[in-house]
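*Asks:* Each residue of the sequence shown is one higher than the one before, counting from 0 in numbering that gives the first Met the number 0.
It cannot be assumed that every hint is accurate.
As the list claims (entries may be wrong) - Here are the simulated DSSO-like pairs of lysine-lysine, each with C-alpha atoms no more than 27 Å apart in a straight line:
id : residue 1 : residue 2
1  : 66        : 216
2  : 76        : 216
3  : 162       : 123
4  : 199       : 123
5  : 209       : 76
6  : 210       : 76
7  : 66        : 119
8  : 130       : 168
9  : 70        : 123
10 : 76        : 235
11 : 162       : 66
12 : 199       : 235
To be verified - Label-pair ranges, simulated between beta-carbon atoms:
id : residue 1 : residue 2 : range
13 : 209       : 138       : 30 to 36 Å
14 : 126       : 97        : 41 to 47 Å
15 : 198       : 231       : 32 to 38 Å
16 : 196       : 223       : 18 to 24 Å
17 : 206       : 145       : 36 to 42 Å
18 : 124       : 150       : 23 to 29 Å
19 : 201       : 150       : 38 to 44 Å
20 : 44        : 141       : 30 to 36 Å
21 : 85        : 62        : 43 to 49 Å
22 : 85        : 196       : 25 to 31 Å
23 : 217       : 146       : 31 to 37 Å
24 : 211       : 90        : 16 to 22 Å
25 : 122       : 86        : 37 to 43 Å
These aren't lab readings, by the way, just hints derived from the structure by calculation.
Remember, it's a predicted structure, so these values are computed and weren't measured experimentally.
Here a beta-carbon is modelled for each residue, glycine too, at the ideal position from N, C-alpha and C.
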Amino acid sequence: MKKWWFLLFLGLNIGLATVMANQQNHLFVPVKKVQQNKTAKTKEHILIIGDSLMRQIGTSLERRLVKQGYKVTNLAKSSSGLVNKKFYNWQQVLANALQQDPNIGLIIAHFGANDTLALKVNNKVRQFYSKEWDQAYRQRLNEIVEQVRANQSLIWLSLPCMKPNGYNKKMQHLNRLMETTLNSRVIWLDTYSLVCSQGKYVETIMQVGKKLRVRIKDGIHFSLAGANLIAKAIEKKIVEGISFVKKKVVMPSTLDHQFTSKKLISQQVNHSDGKTKNKQINRN
């Protein structure tokens, strides 16, 4: 019995002595930390810009790319676009971002979902579809692209098919303007083939023998699964190493809108912005 008490006493003293020694030397049991990818510092910074379509895709894409060791900043903002500079001036936002971080090697952009407003050109109101409106919008596109330096790449996602017929036609018109204006200066990502069927709007697609809902009931926005599908496709191309090199791969289009310039891959964009009314006028 005495031996048992002696061993207990000895153990308590040893434990107390150990704690006191640790305190004196500031040696505490370390808290378990989340492991970080050791290659993160060696990979370039990726910047995501655009409207709320890009915001949801960007959230999923950022999560995926961080696991691959990339630094990602998602600046996408709901209801924004290139037309209404008073609400949000993307040209200035991009300029500030590029100036603050010279290590940005890749920019991923999506615009257009909110860009059907009328524009004031030379003190005259110009409506969507007019030649003057088109010319002004091309200038806004150029203001974005011209900020990209020679050592940076720009991936531009096209607008997806939409359920509302009138709105869908406007998105196709913007796609033509963007593609012919941006041309070889960007890596153009056609968004139709992932979530559209032969160029037409569908809510569900077949994925590995199962139905996958990629759009929500409003006919404009993407479901979470749809956003993830697009993000996964973008991630695949980036990991393959094409993101930081300006190159294009010819992919013959089977879609009914038949864009003219070369396409890199077919991917889909998230539309999270809602409809706009042409009666509204942007004066910038």
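*Asks:* For each hint, tell me whether it holds in the structure or not.
*Replies:* Results for each hint:
1. 66 x 216: violated (32 Å)
2. 76 x 216: holds (22 Å)
3. 162 x 123: violated (32 Å)
4. 199 x 123: Violated, because 36 Å separates the two Cα atoms, which is more than 27 Å.
5. 209 x 76: violated (33 Å)
6. 210 x 76: violated (30 Å)
7. 66 x 119: Outside the cut-off at roughly 45 Å; violated.
8. 130 x 168: holds (16 Å)
9. 70 x 123: violated (44 Å)
10. 76 x 235: holds (24 Å)
11. 162 x 66: violated (35 Å)
12. 199 x 235: With a Cα-Cα distance of about 25 Å, the restraint between residue 199 and residue 235 holds, given a limit of 27 Å.
13. 209 x 138: 30 to 36 Å: violated (45 Å)
14. 126 x 97: 41 to 47 Å: violated (33 Å)
15. 198 x 231: 32 to 38 Å: Once the Cβ atoms are compared, 22 Å apart, the range 32 to 38 Å for residue 231 and residue 198 is violated.
16. 196 x 223: 18 to 24 Å: Because 20 Å falls inside the window, the suggested range holds.
17. 206 x 145: 36 to 42 Å: The hint (36 to 42 Å, Cβ to Cβ) holds, given that residue 206 and residue 145 are roughly 39 Å apart.
18. 124 x 150: 23 to 29 Å: This hint is violated: roughly 41 Å between Cβ atoms.
19. 201 x 150: 38 to 44 Å: Holds: the Cβ-Cβ distance is about 40 Å, inside 38 to 44 Å.
20. 44 x 141: 30 to 36 Å: Distance hint for residue 44, residue 141 is violated at roughly 24 Å.
21. 85 x 62: 43 to 49 Å: About 33 Å separates the Cβ atoms of residue 85 and residue 62, which means 43 to 49 Å is violated.
22. 85 x 196: 25 to 31 Å: Once the Cβ atoms are compared, 38 Å apart, the range 25 to 31 Å for residue 196 and residue 85 is violated.
23. 217 x 146: 31 to 37 Å: holds (33 Å)
24. 211 x 90: 16 to 22 Å: Given about 37 Å between the Cβ atoms, the range is violated.
25. 122 x 86: 37 to 43 Å: The hint (37 to 43 Å, Cβ to Cβ) is violated, given that residue 122 and residue 86 are roughly 21 Å apart.
When each numbered hint is compared with the structure, violations occur for hints 1, 3, 4, 5, 6, 7, 9, 11, 13, 14, 15, 18, 20, 21, 22, 24 and 25.
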